[in-house]
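**Student:** Listed below, chain by chain, are the residues.
2 protein chains.
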Amino acid sequence: MAEENINAWIITVGNEILIGRIVNTNAAWLGEKLTFLGFRVERVITVPDSLEDIEEEVGRGIARARIVITTGGLGPTYDDMTLEGVARAAGRRLVLNEKAYQMVKEFYARAGYELTKEREKMAMLPEGAEAIPNPVGAAPGSLLDLGDTIVISLPGVPAEMKAMFEQYVEPRLSEIAPHKAVVDCGFIVKGVPESGLAPWIKKASRLEDSIYLKSHPKGHETMGPVLEIRVLASGKSREEAMAKARRVLEYVAEKARGLGGETGEINCKGEGQANS
Amino acid sequence: MAEENINAWIITVGNEILIGRIVNTNAAWLGEKLTFLGFRVERVITVPDSLEDIEEEVGRGIARARIVITTGGLGPTYDDMTLEGVARAAGRRLVLNEKAYQMVKEFYARAGYELTKEREKMAMLPEGAEAIPNPVGAAPGSLLDLGDTIVISLPGVPAEMKAMFEQYVEPRLSEIAPHKAVVDCGFIVKGVPESGLAPWIKKASRLEDSIYLKSHPKGHETMGPVLEIRVLASGKSREEAMAKARRVLEYVAEKARGLGGETGEINCKGEGQANS
Numbered sequence: 001m002a003e004e005n006i007n008a009w010i011i012t013v014g015n016e017i018l019i020g021r022i023v024n025t026n027a028a029w030l031g032e033k034l035t036f037l038g039f040r041v042e043r044v045i046t047v048p049d050s051l052e053d054i055e056e057e058v059g060r061g062i063a064r065a066r067i068v069i070t071t072g073g074l075g076p077t078y079d080d081m082t083l084e085g086v087a088r089a090a091g092r093r094l095v096l097n098e099k100a101y102q103m104v105k106e107f108y109a110r111a112g113y114e115l116t117k118e119r120e121k122m123a124m125l126p127e128g129a130e131a132i133p134n135p136v137g138a139a140p141g142s143l144l145d146l147g148d149t150i151v152i153s154l155p156g157v158p159a160e161m162k163a164m165f166e167q168y169v170e171p172r173l174s175e176i177a178p179h180k181a182v183v184d185c186g187f188i189v190k191g192v193p194e195s196g197l198a199p200w201i202k203k204a205s206r207l208e209d210s211i212y213l214k215s216h217p218k219g220h221e222t223m224g225p226v227l228e229i230r231v232l233a234s235g236k237s238r239e240e241a242m243a244k245a246r247r248v249l250e251y252v253a254e255k256a257r258g259l260g261g262e263t264g265e266i267n268c269k270g271e272g273q274a275n276s
Numbered sequence: 001m002a003e004e005n006i007n008a009w010i011i012t013v014g015n016e017i018l019i020g021r022i023v024n025t026n027a028a029w030l031g032e033k034l035t036f037l038g039f040r041v042e043r044v045i046t047v048p049d050s051l052e053d054i055e056e057e058v059g060r061g062i063a064r065a066r067i068v069i070t071t072g073g074l075g076p077t078y079d080d081m082t083l084e085g086v087a088r089a090a091g092r093r094l095v096l097n098e099k100a101y102q103m104v105k106e107f108y109a110r111a112g113y114e115l116t117k118e119r120e121k122m123a124m125l126p127e128g129a130e131a132i133p134n135p136v137g138a139a140p141g142s143l144l145d146l147g148d149t150i151v152i153s154l155p156g157v158p159a160e161m162k163a164m165f166e167q168y169v170e171p172r173l174s175e176i177a178p179h180k181a182v183v184d185c186g187f188i189v190k191g192v193p194e195s196g197l198a199p200w201i202k203k204a205s206r207l208e209d210s211i212y213l214k215s216h217p218k219g220h221e222t223m224g225p226v227l228e229i230r231v232l233a234s235g236k237s238r239e240e241a242m243a244k245a246r247r248v249l250e251y252v253a254e255k256a257r258g259l260g261g262e263t264g265e266i267n268c269k270g271e272g273q274a275n276s
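Chains C and W are the protein sequences, given in the same order.
Going by my numbering, the residue at position 192 of the first sequence is 192; the numbering climbs one at a time, nothing skipped.
Going by my numbering, the residue at position 137 of the second sequence is 137; the numbering climbs one at a time, nothing skipped.
Treat the hints as calculated values from the structure; they're not laboratory data.
Here a beta-carbon is modelled for each residue, glycine too, at the ideal position from N, C-alpha and C.
Be aware that one or more of the hints could be misleading.
Far from chain C, by Cβ distances over 12 Å, these chain W residues were calculated [claimed, not checked]: (1) 4; (2) 57; (3) 187; (4) 213; (5) 228; (6) 236; (7) 240; (8) 246.
Below are the DSBU-like pairs computed for lysine-lysine, each with C-alpha atoms no more than 30 Å apart in a straight line [stated by the list, open to error]: (9) C/99 to W/218; (10) C/105 to W/190; (11) W/105 to C/190; (12) W/255 to C/105; (13) W/202 to C/162; (14) C/202 to W/117; (15) W/162 to C/202; (16) W/117 to C/190; (17) W/203 to C/218; (18) W/162 to W/190; (19) W/202 to C/105; (20) W/236 to W/33; (21) C/202 to C/190; (22) C/162 to W/105.
Use the sequences and the hints to build the structure in full.
**Tutor:** See below:
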């Protein structure tokens with residue numbers, strides 16, 4: 001029987017995220033994927049390109065999470081050091097991985113390039129890790145199963161990260177994912193301040209188990225207020241999750257109309273794992 | 001004399017970020033602001049709407065950073081609990097702040113609304129904190145000066161967060177910001193794989209102090225590679241920072257052309273603090 005509450009940490013490596021040069025869309029994409037697979041995303045942490053910082057946060061993740069996914073820092077440059085940080089955090093050596101070496105060698109051979117020190121570096125994985133093929137770019141990923149925690153390291157380039165996750169990581173995570181369906185449903189309310197609806201949101205949040213209800217202000221609190229009410233609900237099947245979501249949202253919608261609000265249609269996304 | 005290396009942590013609160021319902025643009029915006037003010041952004045951490053998690057990460061920030069900025073969780077709903085988490089992490093009580101109370105009261109009075117329990121809750125700040133006016137929405141922010149660390153809490157709604165930062169927080173942080181100018185400059189290289197340029201990037205990164213040089217792959221590694229080379233450079237004046245950036249980038253550009261690459265114009269952003 002699979003566990004029902006499995007936590008995941010996402011650790012994104014790179015100064016360019018910290019300084020705001022790029023927006024962390026990788027974390028959002030992975031967060032949604034993990035959520036709909038049934039995992040509970042507990043942290044997203046961005047660290048500098050620094051061995052100590054990577055080691056520290058990956059180490060915390062290993063101590064506390066079932067799944068740790070890192071993005072970034074797998075490339076050929078001097079500041080790509082994620083796998084060394086993962087290895088240290090896991091108490092493993094960083095070694096030349098035979099399969100990763102073949103992948104890197106073939107990648108460059110296809111384009112007529114030699115293997116240099118910088119290219120070979122991309123085949124250095126934590127001892128015992130499995131190389132994840134990169135169908136888009138040069139750097140293989142790494143999957144390190146430590147028993148209590150699986151540490152998965154993917155590149156920071158979004159096209160590479162997404163392809164590797166969908167082709168190799170998602171099928172593996174599905175094997176340990178909780179057997180549940182997850183949906184994310186919501187609707188828009190116009191004309192009610194968030195603070196006016198707050199007591200009903202609180203009551204509604206207790207109507208069902210395994211739901212997370214939240215109001216997102218989209219306009220001004222008092223001058224033409226617009227709120228998005230959304231619930232993340234899980235159940236044994238998609239039908240069950242949907243029924244929970246609908247019951248909670250319909251309760252809030254009724255209260256919102258009672259306060260003079262105008263409510264929109266309920267919309268949903270997400271499929272989750274369950275057969276339904 | 002001001003310190004020259006001051007670190008900052010950004011802690012964004014909200015399940016909606018963890019599950020990927022929204023992308024964390026707040027962190028990128030704040031990261032850029034703090035960087036160009038001269039601070040070194042060392043962590044961006046997203047935590048669930050959970051008192052224990054908020055307390056834990058804010059507590060780590062207080063122990064290690066000069067500046068901790070939180071976003072989100074200041075509103076009127078049951079799951080808005082950031083300031084309670086900050087208070088716990090700081091070893092302070094959460095108390096009704098008189099100025100915050102006036103702000104909230106006046107905000108709702110203007111729209112003809114009474115003060116309810118949920119609205120009053122937004123005036124509860126850590127003991128000793130200063131209320132930050134919210135020119136856009138209802139919830140005041142909080143600035144808690146603990147001596148070694150300043151903890152600043154802003155709402156999660158981007159328009160509110162940005163207005164409060166620019167009007168109240170930025171002038172305050174400027175007082176303790178390092179007296180230096182920061183620029184972020186870069187150029188595009190076509191036709192050279194990142195792994196080919198990697199040894200030169202490493203050498204270039206040692207040409208100057210107080211720079212951070214990085215290559216960002218924008219295309220395929222071998223089939224029509226496109227790289228963006230960027231450097232974050234700081235100096236006593238904008239001229240000094242720009243001169244460092246140019247020297248480093250021109251070195252890389254020359255090497256890239258030597259490898260058969262085509263290089264674009266250097267572009268820069270950022271002003272920093274120094275008079276120049």
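**Student:** For this structure, which hints from the list above don't hold up?
**Tutor:** Hints 2, 4, 5, 17, 18 and 22 contradicted; others consistent.
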